[in-house]
Amino acid sequence: MTREEKALSLSHVVKAYRKYANQHRFLTLKSAFLNGALFREFQPEEVYLAVDDVSLEVEKGKTIGIIGENGSGKSTLMKMMAGIARPNRGTIDVNGRVSALIELGAGFHPEISGRENVYINGIILGLTKKEISARFDEIVRFAELEDFIDQPVKTYSSGMFMRLGFSVAINVNPDILLVDEVLSVGDASFVPKCLDKINEFKRLGKTIVFVSHDLETVTRICDEAVWMRKGHIVMKGYPKQIVDAYLQDVSEREEKKQRLRRQEIEEKIEEKASSPEQEEGERHRWGDMSVEILRVTLRDGKGNEKFIFHPEDSLTVEMEILAREEKEDFGFGIAVINGAGVTTYGTNTFLEEMKPLLLPAGNHKVSLTLPSVPLINGFYFIDAAVHSRDGAPYDYHHLLHQFRVDSLHKDVGHVRLDHSWSFGDGLRFKPQG
Amino acid sequence: MFLKEKIDTVYRSRLLISNLVSRDLKARYRGSTLGFLWSFLNPLLLMLVYTLAFGVILKPRFPIPHMETASGYSLFLFSGLLSWIWFSTSILECSSVLSTQGSLIKKVFFPVEILPITTVTTNFINFLLGLPILILFFLILGQPLTPFVLLIFPVMIVQFLFTLGLGFFAAALTVHFKDIGNIIANLMTLWFFATPVIYPFEFGPILSTPWIRTLLLLNPMTHIIEAYQFCFFFGSLLHYKKLLVTLVVSLLVFLGGYYFFDRVKDTFPEQV
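From first to last, the protein sequence lines are chains A and B.
The first sequence runs 1 to 433 under this note's numbering.
The second sequence runs 1 to 272 under this note's numbering.
In isolation and in its complexed conformation, chain B is listed as follows (with noise of 0.2 angstroms):
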């Protein structure tokens, strides 16, 4: 009942949330000199920073196939590092999207989910968008993509669930109390390092410790991000079991948090 009452709501308004998404696409760059490339360039120049970090000063060793130069482990990186931009960034912008819009919540009749959801929806597309500079990457460093690349598409859907669960968590904890937008921003620096964007799953220090490869696993996003690198990097086939399960908790966090937005969402306009 409660989901498709909202699958009407939101499909009414699909005309809206892709309006609400191109124009968000297109303010973000607007302006600047360089405009939509920088939809390219952020990603790229956040992975030389981590390459030149991780992979050339620090060096550790993976004990991994194709990641023991730099130009290996950059793939590696650039493998999980968009789908990794694309969940923090929608989080983080879900927890001050309902403040920043504060006047649709607050002055026009105004379906309020459209807000995360487009939020979620435009990284999703900027995500989309670093697509081709990565598969260019693999081009140019003579890695070869196998067929396996095409599962990307059910992993897709995984996070998008995942994300937009988590974001209606963030939006509507955000407008109650103010601190957990500072607390999300340093949350997910440490969701960062405790997701192996920056390292391979397959490390000695984490097979090692018990406690931390449990926390790990109980990671939805090591698992989405792991399957990315099965996509791109490892070229084979993904931990599909691990996914199934992931898909199954993704579902209920998505569930949850859209049912969570909706039972509080009345008190939005006097709070934002």
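Chain A extracted, bound-state conformation (with noise of 0.2 angstroms):
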């Protein structure tokens, strides 16, 4: 691969700031040129690093995403690839001419017209007046400002301001693109139709760096996702391979917090089954106790304990019942209830008809499993009980256990409903992706 190829190319970038931005700063500064590269070494808790030593190649006409976390250091990257920020260490060779969609209108003047801004914001972005005299109508018809492009900006809506910047940033004619994060302000309308001009420069063979929480577009427009956490790539390659692991780590952090939680959800419960007057206040958990609900486990189609699932997961929950005395009487009930506290599914054995003959006494495993989790994303409570026919509660767990519902899907409602749509002939959609 030659060098003519890479549109940018990043070769062991650092960026460093420092954690405390005090009054001093500027003379501890003075110090760091003193004490030259050493300052680092001796100091590190006072430097935090946003970009850590990241190498990172660009072909010519390839559209990247970079997705992580806040706070990984994706826009500082970007920015320093805009020549906003310069690295501590480490080159970045930029072949062409850059524009980048980092603040949308910086420069533009309340007190002037639309119309002077673009020239200014414009020159800005470094095209000369006859290029902007050239697309003016352009960007005004894309912006949709036809009507206020004479008035003060700001007469204008954050819509409109957005807008007239956007379009001015894309009217660059960059060969390179840098696009962060700024289309989460858009309206409903506005997006698509940004979205319609970062395909259209695809088209063009211009490249384009693409800074986005919206993992969805990460996958359906670049060619390659680069994901980075604490400011190191994780890893790159092929989008829908890297969102997947980045949802799977996430995931995962996620499930370590769950755990914790959970722990001190035990933790009550079992204060709880030690004195069961107490809880009346609290409305957790209730019940004679005759029959105890020790532990709830919910866990995938391996069997592994598990807090996030994801629609296509098969779903157990695991109860682990004690029962202090024989019963003839007796049913399990579990219910799912989300986050707005409305009941999504509830059933029992009662319900399902089956007729109870013995519980013996001892301890006890009953499972529910749910071949899939058909439900829109959120967090869920799982109600889990014992109960004699009349429904008078052996022991009755009230919102104590919950799990997260992980759905790349974006339907709305309560749950998710098997569906598959069909046109008439003649009736057409653009091909995803």
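Hints listed in this document are in silico derivations from the structure and should not be mistaken for laboratory results.
Yeah, the Cβ is synthetic: ideal placement off N, Cα and C, and Gly gets one too.
Just so you have them, the derived chain B footprint on chain A, three or more residues with Cβ under 8 angstroms:
hint, segment
1, 83 to 91
2, 96 to 105
3, 110 to 122
4, 125 to 139
Combine the two chains into a complex, taking the hints into account.
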């Protein structure tokens, strides 16, 4: 691969920010000069590495997406590509004209008209007056501001402001377009328009670097994805694979958090079990405890304990119970309650016409398995109960067990109903991706 | 090397500078009823206030011809006042321009030195706009102007360099020490009275107090303002030797300011 085919090449780029921005920063910076490079080794606790030894090459004509949590260094990296920030170490080679959609309408002056601001902004972004004049109508049309272009910018709504800023920036006609999360502020009709424009850039063979939390868009429009964490590149490659790995990682960390939460809950349950009278006020658990639910575990299809489920996963609710005495009148119930407190689904053995015969005293396991979790994104609670035919609970756990559904689908409602679309002849949609 | 590279940068940005200057000029009085007239009215009103305060109420006896009357004093005052307004407003605005235009520094690739340059240039144009009023006043009050008035051109160059150099310092320092902005505001008031704008340099108390005299002589603005007064009010040849020395000092201030600004400008995006 020759150098000419790279639009961007970053080599061992480091960007450090000082942690404590205080009054004396400049003085310490000066002392940093005096002490030279040793300074960083001596006081590493004062320095925060926003980008730490990142090497990355972007081929011409490719669209790459950078994903990662907040504070992972994505935006800093992008600012360095745009030339706004300078790396402390390492080199960045840029091959072509760059336009950065980092802040739209930077330099817009509120008191002067949209027209005048388009010129100034265009010049700031590197256009000549002639170029702006030639593109002026297109800029205004794309921003849908024909009627307002001679009004002072201070009278614009934030949407109008953003549209005008985007429109100027995109009309700079760059070889390399850097897009940093700006699309998240657009309204429902403008965002698709921006994405169309970005797709048009793709077709024209321009290089695009795209920083976003919108993973779906990243998988759809990017040729390659880069996943960053704490200033490092964790992985790069095929977008779908990277996004999945990233989601997996986010889930795992979420699981860890949930596990901690779960420990707290279990402690709470134990507390309550040891003093059943006290819990009336909180109403998380009630019953005469003649049969006790010791533990509720959520497992996936492989039997692993889990807290985050994808809709296509299977979910098993496993109850460990202790019958203190033999029972002939007993049933088990489970309910799924969503974050808004609505019971999304509930069932019990009586409702399903199962007639109890015998629950011997001692420890038992009871499981309910859902082959899939057709729910929309969000947190859910599980209620679990052992009770008699007339509903009198032996032990009822209310809102004590939690799980999360992590779905790539964006549909709304309470549950995801199985469905498919079909269309008559002649009706066509753009192929996805 | 440094200078050539910088001149290139500024030259390449000339379109941007001229547009930012015209934007600032347009935006300055946009929305007010009198609009652009304020560019003329502001120095005029300021001059009237000072004339009232120093020419009529305090009425010092300046041992200089044409300055005994209030109208004569107002012409003397006006000769230096426009230049002072250009200088002090530029420095004050430079000390805040990096933070008010922070989005440009943080979000766009942008040669930052353009901001102080734009600020000083905008105020320079404002100064130029005040000159016709000044000339009109001389005509109305019947004091003739002499061909020496043309010597303001070199004086303006000296002042531009000095103001911009100091502006670079003010801008760069204020980013790191917010206090500098307040210090400068007060310093400007002191500096105003330490510069012969409202009184002539050839004034008894100054000539008779050596340390005040030395202080004034060390102040580059003294020589710049005095040069304008020679061009307009006295209508005679300015002290070209003094001006030459001031030019050298201004050039040094300019280069030092620009160099300092350039050295620390990489830190602006994280500080603003």
